[in-house]
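A.B. asks: Residues per chain, in single letters:
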Amino acid sequence: MTDATPVQSAPSRGLLARLPSLPVSLIIGIVLLAPLVVAAVAGGSLAPYPYDEMNIMSRLQPPGADFWFGTDEFGRDVFSRTLVGTGSSLVMGVAATALSLLAGVPLGLIAGYKGGRVGEAIMRAMDVLMSFPPILLGILVLAVTPPAQWKAIVAIGIVYVPQVVRLTRAITLELMQEEFITAARLRGESAAYILFHEILPNIWPPLAVEASLRVVFAILLGASLSFIGMGAQPPSSDWGLMISEARPFVEQAPWIALCPGFALATAVIGINLLGDGLRALLDPRNTGAH
Amino acid sequence: MLAYTLTRLVYLALVLAVMSVLVFLVTQAMPGDVASMIAGQFASKEVVDAIAVKLGLDQPLIVQYGHWAAGILRGDLGRSLVLEQPIAPILLEALGRSLVLAVVALAVVAVVGIGLGVLAAVRRGKLTDQLVSGVSYLGIAVPDFFWAIVLVLVFGSYLKLLPTGGYAPITDGFLPWASHLVLPVVTLVLMLLARIARLTRSSMIDVLQTNYVKFARAKGMPESVVILRHALKNALLPTITVLAIDFGLILGGVVVIETIFSYPGMGRLLLFAIQRHDLPLIQATILIVSAAYCLANLTADLLYAFVNPKIRHGMRAS
Amino acid sequence: MMTAPQARPAVSPVVASASAPKPAPLLDVRGLTISYGNARGTLRAASDVGFAIRPGEVMGLVGESGSGKSTIAMAILDLLGGGGRVDSGEILFDGTDLRKLPASERRALRGDRIAAVFQDPFTSLNPALTVGRQIAEPLIQHKGLSPRQAAVRVEDLLAEVGIRDPRRVAAAYPHELSGGMQQRALIATALGCEPKLLILDEPTTALDVTVEARIIELLAKLCDSHKLSALFVSHNLGIVNRICQTVTVLYGGVVVETGATGRVLSRPAHPYAKGLVAALPRITADRRHRLPSIPGTVAKLSGSPAACVFAPRCPFAEETCRSRPQAMLTDGDGDGVRCWKADALAGTPWPDEEATGLRRPRTGETAETRSAPLVEVDHLRKIYGASRSILPWLRRAGTVAVEDVSFTIGRGEVVGVVGESGSGKSTIGRALLALTEPSAGTVLFDGADLTQQVKRGDQTLRRRAQLVFQNSAASLNPRKTVGAAMDRPLVLAGRADAEERRKTIAGLLTRVGLPAAYADRFPHELSGGERQRVNIARALATDPDFVVCDEAVSALDVSVQANILNLLAELRDEMGLSYLFITHDIAVVSHIADRVLVVYGGTICEEGPIGRVLRPPYHPYTEALLSAVPRLAGDGPEAPRILLEDAATAPGGRGCAFAARCPRKLGAVCDEQAPPVHETADGHRIACHIPLATLAERAAVFPELADADALPR
Amino acid sequence: MMMRRLVARTVLSAILLSGTAMAVQAAGTLKVSVDSNLNTLDPAKMKGGQEYVAAYLIFNGLTVIGHDMTVKPDLAERWERSDDLKTWTFHLRKGVKFHNGRELEAEDVVATIARIQDKATGSTARVNFEIVESMKALDPLTVQFQLKSPYAGFAELFGERQARIVPRDAVDTLASKPIGTGPFEFVSFAPGDRIVLKRNPNYFEPGLPKLDEVIVRILPESSAQVAALTTGELDLVWNLPLEAIDKVKADPKLKIDSVPTSTWDGVIMNNTVKPFDDPRVRKAVAMALDKQAITQIALFGNGTPTHSPIPPSHPYYNKDLKIAKGDPAGAKKLLAEAGYPNGFEVTLHTPAGRATRERLGLAVRELLKPAGITVNVQRVPFDVFLKDIEGKAGFYIDGFFSRPTIDTSVYPWYHSRGSWNTALWSYSNPKMDTLLDGARQAKSEDEAKSLYTQVQALAVEDSPGVIPYVINHINGLSAKVHGFHSHPMMFLDLRDVSID
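Chains as they are written, first to last, in this note's numbering: chain R, 1 to 290; chain V, 1 to 318; chain D, 1 to 713; chain U, 1 to 500.
In isolation and in its complexed conformation, chain R is listed as follows:
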């Protein structure tokens, strides 16, 4: 009630100054992700070989001095392919998540704020979408047209819209009960102002945490879709596709699958840790302690 030692506000201090007090998982997450982001941005120029250069003489080479992570059945350098594939895999996750947020957040806001018939209609539509198992929805979307990576992104984006809508709506409903929203209504604010200036800023922290987890799911789902041939297309070096193509050779040349597998694991662990760290950082209950 009467709290005499005001708790220092989290956002009012510089990030750098607070580095020692940042959650450990956040720091590890960033450390794991940083090289991947670099690879995603500059993958092609860092790679020792072009990702699609074939060399029949050196196919299925084990890791060595020339090819750090060996070569695949076409003699392509696995390391270069993995490096170049970073962009494809990360973009898949981030873009699909962005898409689901872009569509889901406004719908969730409206459903939560408006309620009534509009809200009901939105939520029932989401129910229908949600009653498809995620990968099924992805397959269905992709089965309508020839596969391509951007379509996989759209498909995954659509798959996760209901979750985002539900979360946004739940938070909005909760916020609608908050008295500061009542105060805004009392002073005669428009619905748009309340939605975008009062509610939205309070939705971001939980959404950011949710988004980081969604990115993980999207990356994995994207890899799965590529794996069954409905995502990225050869000769692209998307990780899921690489692992899928490596299957027949896994016994002779396990490195073809292991290299992108480890990259995928690093990305997922990194983002998970980032999400955990973010949660700890943004959770009001954890101000100070983590």
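These aren't lab readings, by the way, just hints derived from the structure by calculation. One or more of the hints may lead you astray.
[Claimed, not checked] Lysine-lysine pairs mimicking DSS-like chemistry, simulated, CA-CA at most 30 Å apart: (1) U:K333 / U:K369; (2) D:K480 / D:K455; (3) D:K100 / V:K126; (4) V:K45 / U:K97; (5) U:K198 / U:K274; (6) U:K333 / U:K431; (7) U:K369 / V:K45; (8) U:K136 / U:K148; (9) R:K151 / U:K369; (10) D:K100 / D:K221; (11) D:K480 / R:K114; (12) U:K86 / V:K45; (13) U:K119 / U:K47; (14) U:K443 / U:K136; (15) U:K119 / V:K45; (16) U:K249 / V:K160; (17) U:K392 / V:K45; (18) D:K143 / D:K100; (19) U:K177 / U:K148; (20) U:K247 / V:K160; (21) U:K274 / V:K45.
[Unchecked claim] For each label pair, taking beta carbons as the anchor points, the in silico distance ranges come out as: (22) D:R164 / V:L138: 56 to 64 Å; (23) V:F306 / R:Q177: 23 to 31 Å; (24) D:R164 / V:F306: 46 to 54 Å; (25) D:K100 / V:T5: 53 to 61 Å; (26) D:R456 / V:V307: 42 to 50 Å; (27) V:T5 / R:V37: 28 to 36 Å; (28) V:L61 / U:K249: 50 to 58 Å; (29) V:T5 / D:R464: 32 to 40 Å; (30) V:L2 / D:R464: 44 to 52 Å.
This one's a predicted model, so the numbers in the text were calculated from it and none came from an experiment. Just so you know, even glycine gets a beta-carbon here, dropped at the ideal spot from N, CA and C.
Assemble chains V, D and U onto chain R, guided by the hints.
C.D. replies: Chains V, D and U only, in chain R's frame:
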């Protein structure tokens, strides 16, 4: 509770009805068509048309939908155009195999996952907790297909201990049946375990901080009673929901795992149907998969309500 | 009797005191120091705390939030959570230092020799287990009863705590019981193993006033009949006065005063205790005066106190107070005070602000002398949860929150609405502000239908009616500065000039007693009282005529509550505001309202000028409410309390809403017919089947009001 | 308690020993795997190799293509042709019974062929029998065909995969419950899982088959197939994945059996679509592709570079022609002549899920790069491939199984009225037509050989598409399996097979 169940069932029926229309339209929109698929490479137009007429594909969509929907209401899922067999038995068989996978995998996940989650929550911050967290990270970090490949490599190719693909009906004997299940189940467990363990851990931690747990301690209850009787029962509520949803997911087919292990469940049936462009089979499979998924969700909610006396009794009011 | 300031052992050797041979204490806490630690540092929750409870004695441990009272209770139970630890000290129970016992032995004592009841019965019972099983658990654990034997004992226990249907309650789940029943179940659990010591941590705070009264009555009876000792943790001085023989006052984790309840509450020695007693709103007080209040906010410590913890807020503080810690001064009777000036101040009351000229006395101007009413409520009715689904089993009539309520609020008038939880009082407030649409009836604001205007999108009229909330934290957007929160109403009012708006905000902040620089702060950087001031300032920013105060001071500590009440009163006087003051605390209402509505189950049972409502004739419910108001020693004789039954069913139906709990129920007529309204002079109306004359025969709950015409009108 | 422990122990040992436990089955049971699900068991509607496996186990034709690629009697014990090559009379073997016990009659043959001719059946073999003017059963054991035009290879047509003779009274249930005259009887089919067949005790070849039971498991994952073969869970992997050959060879308990075939993959260029309407462009593509390298990449060397569908193992093969070695510089020059000095960009479609063809596509992409042609590979699901790509797109990878005769292997693709040609690359050269028509009526082997030699030269010169190789058909099997020989038509012939 009854009213709630009824309401949910009505919703379910509505959702499925809407979905059936959606599924029907989407499958119609698919490129490629079944008549040319049946006619094969380079069939002439007349051949394709003749097949289309024979299959009734020339009729207006609404009529086709009407026939289809009426059939489903009668329990007739139609005939597979490619397999030229009634769909229902094929689907039931695949569903049965998916059911086996789901039940076995979830039984393992539930026991191990909840156990680990409780252990981690009770030993929060200690080595055990960190070990469990680490293992569960590994579980979610690596995609299921990667685990599957590793398992095939290790147990099938190197150790030659387990069959790496296919399915043996129980009529072949218990051992072949069970041995074929091991790898897909282990893969599924690796995939699902982490979530269950982490969820149990976090809800357990929440429950351990509640007043009623504090009050149970104030009554001098031993820690084991506090954890197992007072905390666990309440902490399991969200876990039950997720388990039921996972159940629906596996029942609806885990396409990737079924592909790698050549497991003839719902996922591969669907993939088969899509690849062969067998519209009735696609429609029926999606409908059944979605219905199974919805039912699992519904069961989750009902189970949640049933386990939670507050909702069980208060359902009428809400 | 008290000596000069000098360093003395902190713990008074009460036992060794020869002047009054008393039995050895059952619980003797000595030098207890507790701190909470986390990565950011440590917070001292209790410093060198000592007190003793003798067999059969109930000791009150009082203090405001953050005083460390609950922490001490939990430390005794060995249930400190969240990084709390006991740094030093002894907790002697029956002569044994509990801290030296292994954890398993301490656990064996808990629930058996030392039992506890916590604040919130709603969350203290496990929702997944039946009540009976939860009560039986310690019996089986500590006494080795079989489940069957335990079940029999459970029913006995439930009967003993006043539950009429023990078998049904034992088989019920917690959510099926009312709050009062739940708390009785908890008490039954605590009593099960016949403990020697009860730890009661705010056992009635979460309950309604009439329920609280019954629970206190029960606890007092049980402590007496079982010869129980108890540590009674509370912030409520009135309750402590009723049940405790001795009291220990905590401030900032430090014991500032201890002694016999009667003495401490009637003649407090420590300045903080003086302030606390003075700031308590009293029904009998002259409401033309401001409430005395304690300036500032509660201090928090990170280490051993280096000065008197209360010095920053103490009007009597001198330089010495700020430079050295205070020692406990005790006398032979076990009374103690931690203030070197205690003797010197013995006759000095807490300073009256009017006397010091800080505040203007309220002018006696009346509101009703003005013209037409500002707000007219006509046959307002609100039903929640009604549903017209196409699915027959989903159709619901809904819950009646407000049933046919009519009243008016004059310009400059303060109307209080008093009721318990579920009485519909908040719904009335929300309907008045067009935050909820009435199911029937109309609300006219300044002659216009506000609801219809808002529906049409016309917000101008609405800005003239504002709301001050209970939860000062939730009512401010955590991501906006105070200035930004106050800026919006001005922008909406068409004030284009940013500089001018900034000035206005500074002016408003100053007006509610905050520095203008607070405009740049975020809500979480403010204390609860400061946030409530910001809330008020924000409400004022639209330049309203009418403000609904919905439990606006309920969440605040007594010392802060007085501040806010004073501020609200001042604003009304200066700006001619009208208030609808919604609260569960009739003492608070009596202090600020001109007129009062007593609501129960969505209906108005009694309405009238405050002076009339506080005096007979009473509606039976009003009478019970008034009799439940706890009073401090020295406030006058306690009236016989009217104890209401726990509500068995929700109010509703055709008859009187209060019929089910009414101690004076006439019979079937109360259940079946709506009560007639008796009207007396001055607009005093009572809705009851009992004839007015019979009602008027009752004795006054506050006789001092009856004869002394302390109240105007 | 005891019981529970016992069960637990059993389960444990079961899991550990399952590898060997799997092998415990009826002694005469052969477990075979195929790599893809079967769509249908109705031979007339079959289209995939895995289906033909079933067709040859359950059914017979009037004739059969032998391991030496020559036509041999099957249900027909002998046949006669008129001198004008237009009237063909087949005499059925006596006493052949369908699995349902009914005797085979000439009317069944008529019904079978009529059904294939029916457009609504949608049989890919229909075009083969368009040549039939009329047919009739002269008596229960004799059937006679009148052809529209002379055709020397008509008897071979009955060795074709779809032309399995089916009982005329049970055609409607063929897809799910096939009845034939073959060495094995149908027992059950679980789509996606397995087909179970048992020995036909009334099979007309005395003493055959030797096996009691055949289980055809559907295992799409190559690693699972190989693992199952090594653990003994399978006895034979039909069409062994190429990448597993080394592993099987290295295992002393396993062996490889392979045979050259005339099954080929091709880089199809639509001769009516720009830029492939210019023969110079097609020629440039052909020049740039190193067929030896492609055979290595796509088949891991398990095939032979060729000019046309005529395999190098065949006597008609043109040995004087050189196999393209890959000449990007020459290709560039040709492209410049054709008006593409800077090359061009094109999309190459490959059917998804056909590993060798996907590898072929990627190899083409790499090998055309130095010639200045930028290829974007687009994988297409097979159903879409059939509908929207084949015969429609400009540039794609396709492939075809061996045909029973050289005529059926070449004519349909290269003759301007050939059935596959019109729907594949629309190649038309009157000179080629003359050569092919002539070969059909060739009176002697030498004449035929000379004509086909010219056909190959012209096919390379015009390059309607590039046929880089013919594939070896490879099976992996357990050393316990005896009497198995891979068939150049990729049939699974199990009549003589036995297992220890």
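A.B. asks: To test your reading of the hints: which numbers does this structure violate?
C.D. replies: 4, 5, 7, 10, 19, 24, 27 and 29
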